[in-house]
Every structure is written in C-alpha cells, then in structure tokens.
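Number of protein chains: 2
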Amino acid sequence: MTPQRRAGLGTNQEAVRRHNLGTLLRHVHGAGQISRAELTSLMGLNRSTIAGLVGELESLGISEHATPMGGARQGAGRPSAGVRIAAGGPYVIAVDLGVDRAVVARVGLGGRVLARAQAPVHSHGEAWQVGASVAALIRQVVEDAPPAAALVGIGISVPGLVRRRDGLVRLAPNLEWHDVSFGGIVLAALGLDVPVSLANDADLGALAEHVRGAGVGVDDLIYVSGNVGVGAGVIAGGVRLEGAGGYAGEVGHLRFNPQGRPCHCGNLGCWETEVGAHAIAEAIDCPPDKVAQLDEVLEGFTEPPRELRATGTALGHGLASIVNTFNPRLIVLGGYFRSLYPLVGAEVDSGLADRALPAPLESVTLVLPALGSDSALLGAAEIALEPLFVDPVAALGAALVDVRSRLAG
Amino acid sequence: MTPQRRAGLGTNQEAVRRHNLGTLLRHVHGAGQISRAELTSLMGLNRSTIAGLVGELESLGISEHATPMGGARQGAGRPSAGVRIAAGGPYVIAVDLGVDRAVVARVGLGGRVLARAQAPVHSHGEAWQVGASVAALIRQVVEDAPPAAALVGIGISVPGLVRRRDGLVRLAPNLEWHDVSFGGIVLAALGLDVPVSLANDADLGALAEHVRGAGVGVDDLIYVSGNVGVGAGVIAGGVRLEGAGGYAGEVGHLRFNPQGRPCHCGNLGCWETEVGAHAIAEAIDCPPDKVAQLDEVLEGFTEPPRELRATGTALGHGLASIVNTFNPRLIVLGGYFRSLYPLVGAEVDSGLADRALPAPLESVTLVLPALGSDSALLGAAEIALEPLFVDPVAALGAALVDVRSRLAG
Chain A
1 MTPQRRAGLG
11 TNQEAVRRHN
21 LGTLLRHVHG
31 AGQISRAELT
41 SLMGLNRSTI
51 AGLVGELESL
61 GISEHATPMG
71 GARQGAGRPS
81 AGVRIAAGGP
91 YVIAVDLGVD
101 RAVVARVGLG
111 GRVLARAQAP
121 VHSHGEAWQV
131 GASVAALIRQ
141 VVEDAPPAAA
151 LVGIGISVPG
161 LVRRRDGLVR
171 LAPNLEWHDV
181 SFGGIVLAAL
191 GLDVPVSLAN
201 DADLGALAEH
211 VRGAGVGVDD
221 LIYVSGNVGV
231 GAGVIAGGVR
241 LEGAGGYAGE
251 VGHLRFNPQG
261 RPCHCGNLGC
271 WETEVGAHAI
281 AEAIDCPPDK
291 VAQLDEVLEG
301 FTEPPRELRA
311 TGTALGHGLA
321 SIVNTFNPRL
331 IVLGGYFRSL
341 YPLVGAEVDS
351 GLADRALPAP
361 LESVTLVLPA
371 LGSDSALLGA
381 AEIALEPLFV
391 DPVAALGAAL
401 VDVRSRLAG
Chain B
410 MTPQRRAGLG
420 TNQEAVRRHN
430 LGTLLRHVHG
440 AGQISRAELT
450 SLMGLNRSTI
460 AGLVGELESL
470 GISEHATPMG
480 GARQGAGRPS
490 AGVRIAAGGP
500 YVIAVDLGVD
510 RAVVARVGLG
520 GRVLARAQAP
530 VHSHGEAWQV
540 GASVAALIRQ
550 VVEDAPPAAA
560 LVGIGISVPG
570 LVRRRDGLVR
580 LAPNLEWHDV
590 SFGGIVLAAL
600 GLDVPVSLAN
610 DADLGALAEH
620 VRGAGVGVDD
630 LIYVSGNVGV
640 GAGVIAGGVR
650 LEGAGGYAGE
660 VGHLRFNPQG
670 RPCHCGNLGC
680 WETEVGAHAI
690 AEAIDCPPDK
700 VAQLDEVLEG
710 FTEPPRELRA
720 TGTALGHGLA
730 SIVNTFNPRL
740 IVLGGYFRSL
750 YPLVGAEVDS
760 GLADRALPAP
770 LESVTLVLPA
780 LGSDSALLGA
790 AEIALEPLFV
800 DPVAALGAAL
810 VDVRSRLAG
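Same order as they appear, the protein sequences are chains A and B. The first sequence stops at residue 409 when you use the numbering used here, and every number in between is there. The second sequence stops at residue 818 when you use the numbering used here, and every number in between is there.
Calculated from the structure, these hints are not laboratory results. By construction, the Cβ of each residue, glycine as well, lies at the ideal position given by its N, Cα and C atoms. There could be a bad hint or two in this list.
Listed next, the stretches of chain A that the computed footprint assigns to chain B, with coverage defined by at least 3 CB atoms under 8 Å from CB atoms of chain B [stated by the list, open to error]:
no. : stretch
1   : 162-172
2   : 245-256
3   : 311-323
4   : 346-358
Using the sequences provided together with the hints, build the complete structure.
Printed below as a string of structure tokens:
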C-alpha cells in the first residue's frame, strides 16, 4: 500500500468517525437523555467505540454524563451510564414568522427553548421592516446566552413557498412577498455571518412533530396547517417530501369547489377558500382585523357554532383527498385547525370517512400537535441544528461564540 | 479478539460483499452495458474490488465480458473493459393485468423482454379464471427458456389498490375484485412456489420510467395513468412514495367537481369521473364495450374531436392539483393519456398553466412514457428482479431452474 493510499484511508476513517459522532448526537438530541447501552444497540457499534464518541462529545461541551435512568430497560444487569445534552452547549436561533407576529427562540440541542421573544408584524410591512423586527427579537434572546456557547445557525419558518436551493421566499401571499431573500435581510440587519436556513411553516411543523411530537416513530405523516392560508408538510417513508424545488405540500390549492370563491392564487374554489382563515372568519362574523388571531377567536367558543359545521365537513372532505393521495398513518392538525377540530371534530371525521377510499382510511388517525403552537418554531430549530448531526466538529468550527458582543459591535 | 467475534466480523464482511455485488448488478442492469472504470467511479470502490465482484457475477452466469465501448467517456487512456448482462442468465415473469387483457413477459436483467404473450381477460371474470389465463400465458413464455436459466420470481401489475405488506388486492374496481390474493391464485394455478410480488400499475409505471424510461436521473416524477380508472405512481426524492399501506397515489379520487357525476367509489365528481375512460367514451360516443380499448379508439382520430377539448382542460386542471401537491420535475402521461395528449395537448397545457402555482409550475415538464405501453409490465419485472440487487447469491439460491419441466409435471 502506498503512503498516498494510506492517507486516503485515514481521511475516510475520519469521515466515518465524524459521521458516527453526528449520528450519536442525533440520538441524544432526539431522546434528550439516553443510555450508552441504548446507543450501542441503536448504532450497531461496540461499547468502546460508543465510549470514545461519547467522550469526544463531552470534550466538545455538547453532552455530559447523566446518572443512570434505572434498570427497567437494561435487563437484569447494572443500569448503563447515560448521556444527556449539556447546559451551556451550542444553540440555534429559531424564527417562526407568522402573518401577524414573529416568534423568536434560542433553542438548544434536545429542542430545549432557552429564551423566547415575540412581537407583532405588520402584514403589509416591507420585508426589511420585518427583518429589522426579527433582528431585534434575536438580540433579545441571545442577551442571556453564555458567552462561550456557540451559535450554530438560524432557522426561519415562513408562511409561503421557499426555494430549497437558496431559501428564497418565492411567494408569501399573506405577507404580500414575492422573491424575497429574507435570510439575507435578517443577517444584514444583525451584521452577522452565520448559516441561515428557511423553509415553509407546514414543512417545519411536520418535521418537528416527527422528531419530537405526535409523530415520533411514524414514517408516514402529514401536518396540515391552518395559518391564514392552508398548507401541508409531508413525511413519507420517514423522509421529508420536498418536491423538485422545495414547494411540495400546497394542498390549500387543491381544487375543491370550481363554482366557489376566488382564491388569491387566481383560481376559483381552492380548498383554502373553504377552510382558510378568511372563509372561517366570514362564517362566524369575525372582524377582518382578527383573522390572523383566528385560533384565539375559535378558542373563545364554549359551544360549537352552527355556522362552523360546514367548515368541518369541508375540512374532512379535503383531508379525504389528502388521504387518497398520500395514504398517511397520521394527520396532525396544526395552526388554527388545532382550535377548530375540538369544535367540529364530528363533522371533520364524518366528512373524511364519507369521502376517503376504505383501504387508506382504515389506517389513518387525526391528532392535534403534541408541540402545541410551537411545531413550526421547533422545526425551524431542527433545520438550523442539522449541520451538527452531519459533522459536529465542522459545525462547531463554523459556529460563532460570544454572539452578544458581536451584535453590540 | 475471541473466535466468536472474528466469526461475526467475517459474516459482516460477507454481507457487505454481497451488498456490493447486488449494487454492482443494479448498475449493470440499469445501464445494460457499463465499463469497469464507470463502476469504480460510481461505487467508490477500488479497481481490484470491482474486478473481484465482476468475476463473481460472471461465475454466477449473470454477466459477461463486453468489448470496450470506445474511449469517449474514458479520457485519453485505454478504453476500460466492459460488463454486460449475459444471455441465458436469470429471468423473471412480468404480468401486466389490465381490465380487458393480460400481458405476460419473460424478462431478463437489463429489462430485456425475452418472450411475450397476451390474452383477453373478462372484466367480470372470477379471480381464479383470470389466474388460470395468466398461468397459461406464463407457461407460454417459459416454453423457450433455457433449462439452466433461473426463474427469480413473478411480478404482477394490478389496476387497483394493493396492500404492500402481503400483496393482497384490496380493490380492483374495474375487475370488481375485493380482497383477492391474486399472487397465491396464480402460483396455485402453476403449481410452483416462487416469490411473487404485486403492486399497483401506476406505481410500477413510475418505477419503470424512472429506472429505464423518460425519468432516468429525475428524482421527482409522477406517472399518471389512464387505465379505465385514473391513478398515479410517485417517485419523490428518488424513492417510491408508497404511503403507510402501499395505497398512495389514488389521484383519480381527488375531489374535482362536487356537482359532478357519481364515481364508483361512492362520491360525486372525483377527477376520474371527468378524465376516466367512461367519461371520455361518453364524450366521443364510443360504445361501452370499447372502453377498455380507449387508447386504440383515440389513436384512430386524425383530427382532434371538439368534444375532447373539455377533457383536455379537465386533465390539465387536475394535473395542476398534482403539481401543487407534489412539485414534480416530470409528469409522465401513461395509459390512454398517451393517446389523448397528442390530440388535446394545447388544452392540457393551458389548463395546467392556468391552475398551478407559478413556483412549482416553472420546473415541471409533461412527457409521454419512453417505454410506450410497457411501463407497468417492465415495472412488474423490476419488483420481481429486486431480490437480485439486494443479494444476488441468496436470490439465485432461492430461484427455480428447469421451470418448463416443473410446470409440465
């Protein structure tokens, strides 16, 4: 073997080791705390390799030793030592950009929200104004971050179509944005250069519910989000369905009632015109300036209003098209559908049962998000954390420390 | 290291070698003929490992040495020796069960159709009668198979919903089948015990067009098939979208016109009621007994009949829902849509452009299948060949030789 070959082999071994390190971190991140025995079994590596990887994560300040979690899952032997996410370790900034407000959080591994801030957003505000508001919120949430903790990146959830290749917001109808480079705007407002990732809110809701919400362990799920407009995020075979450009899941623009109302997309009777926030607001006489807070308005009802029954049925009929198309195991109803479903669940269920094909219907379940209204926010954290699971060493190398003083400068 | 450990390591190395052997075979199968230099580059293995694997495939009778294909793709050096599928190697039986006829082929690696037979099927025939017809066709196509060639398995394309777990035909509406174990029926009629795989016709059309048709190298494609009913097969991110049970892609039952015609599924105005064969036949006054041969009827038109224009528009409008939902790069129009599109392409295109969102619209292309009417048939061959790409040694070990005399006995 020539020296050149050996060098190549060494580089390959290093790549494998970093890959294993990232995969181990993904397991710790998903579980919050996990025993070495479980890691050994999950990763198919021997105990000494696991011990070496765990030691490296500890020396990077990412994880720490945890007292054993009891012997129940470890069989008769001594409980295995545990690994958990260290306090003061790397973090990301997650941004959930809504139609009327932005929520920003500092989020650590394990999906821990370490700080949170929010502010109203003017729905007709220019992108640079919204970017300045988001930057101000980011300054707030990093205020108390330990100076040594590393900022890995920023993840932003957008209520619109986001091009996967470069994060360009192609269309955010309720913000009236076309082709806005919102990631660049936020970075410019901050004066920082860190990795920034953007994606559609429903796609991120699906991701977060799959990683740590209602869909843990479910490989085929759809997160259907009512957020003024209606969209879906799809996990198929355990993987995010993105489509060629990143635009998959625009189920709000499924044809629903061709004799129906005009949709902002230019068509008549898209599903969104029947179950979108404007249609619901009209049905219950909610004033237009409250449409963006429809979830709160719906939560105010103690009795289901009769006027919402048709909306429930229309929601069920549209979900039937989704069930026939995707054959999901789970549908998670996010956004204001979280508040609508408890009011008209019977109508939704019977609308779905009446219209879906029996074979895919029999295995599907409707649920509410386990992460409440934070699904998209935590999904934004997930995409920003992702580089840590690919190569923690490289991701930390590219991360920023002492962020607060950099922002001040 | 204990002897036990070493044995474990040996087993693992053997598993890796067989995996590599299967992957190499998948490349040869996909390309038909491929140079060793390309295999080295595609698989990231060194030349001597590739040479060893190629030698093993040759000794198994699967591949053979091919003369170099010229130096164009090899740079300035000597053209690399090639590998191609050997004649007389393993084969599968592919069955395309249509509503009015069954096509059966003996198919070798590389997707070579070695023999083919077909016969009418009575659309109201009992499953055992259809099974007997298919078995007779299988006997025909193995008639001339070399006695030493191994039958790896049978793949069957079904116009209906097929449960992935066990291949049960849950519903084949135009055959009037519910919960039919058609694979078992065919094996019983043959008196053979070989692996049999069943899947939906549109799913198999998508697979075949992806492996060796219009969608080679395209990771996000949808094959939309008009085959009395309407269905789709979806490749997303390079992988078949199956859904929780295997039923994904039933786009014929997307809600389309709620004031429309009754659909066999019990709903009103599914997309299938506007662009399915019965609707088209009615529009052009085609007699009901010709509906299953709609492709031939449509091919008989030299001028596009005015009555089909609305169908073209409806096809475009439904495709827009598919584009909004899946954001595919490519839509392959199979079944009788192959014959319809050349007549009303302008209406289909403008219907799609009018209704799809601009972002996913700009990257999608409509094409006809490169495999003509054989997409589903060749897809059935692909699923039957699959065990060879997982572990060629095990698949050949489980395969049957001298099939003709076994069938005679």
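Going through the hints against the structure:
Look at the stretch 162-172 of chain A against chain B: 3 of its residues bring a Cβ nearer than 8 Å to a Cβ of that chain, three or more, so the hint holds. Proximity of the stretch 245-256 of chain A to chain B, defined as three or more residues with a beta carbon under 8 Å from a beta carbon of that chain, is established by the 11 residues found. Given as covered by chain B, the stretch 311-323 of chain A passes the check, having 4 residues with a CB less than 8 Å from a CB of that chain where 3 are the minimum. Residues of the stretch 346-358 of chain A lying with their CB closer than 8 Å to a CB of chain B number 4, which satisfies the three-residue condition for coverage.
In summary, the structure agrees with every hint in the numbered list given earlier.
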